[in-house]
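Could you build all of it, start to finish, from the sequences and the hints given here?
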Amino acid sequence: MLRLLTSLYGRAVPPDTRMTAQQRRRARRMLQAVDGLRNGASQMDIAVVIFRLARPTRDEWQVAPERFAVMDLIRDGNAMIAGGYRALLRHRWKS
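If you're matching positions, the sequence shown starts at 3 in this note's numbering and goes up one per residue.
All the given hints hold, so there is nothing to weed out.
Quick list of the computed label-pair ranges, beta carbon to beta carbon: (1) 60 - 9: 46 to 54 Å; (2) 4 - 65: 45 to 53 Å; (3) 43 - 12: 43 to 51 Å; (4) 62 - 11: 53 to 61 Å; (5) 81 - 43: 14 to 22 Å; (6) 59 - 90: 34 to 42 Å; (7) 19 - 57: 38 to 46 Å.
In short, the hints are calculated from the structure, not lab data.
Even glycine gets a Cβ: it sits at the ideal position worked out from N, Cα and C.
Structural data, given as structure tokens:
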């Protein structure tokens, strides 16, 4: 609310500290992975797009770390869609 009001009054907007840049990138990738899966893409297709990979062979894919990363992104993305997004609204207080 404070950020909105300061913006409306033309003042300097304080930085949003709810998520770090890394957390924002991961959230974006989670939603991209779930969108891809729901639109019929395979996990390998998703990995090729998200991680900008050359298309691996079947054997390479079985041991690729990107395979496990995509599985985690899909799992966490589904959890976010199922209600975990509410955690994004909580403010991270500095200790």
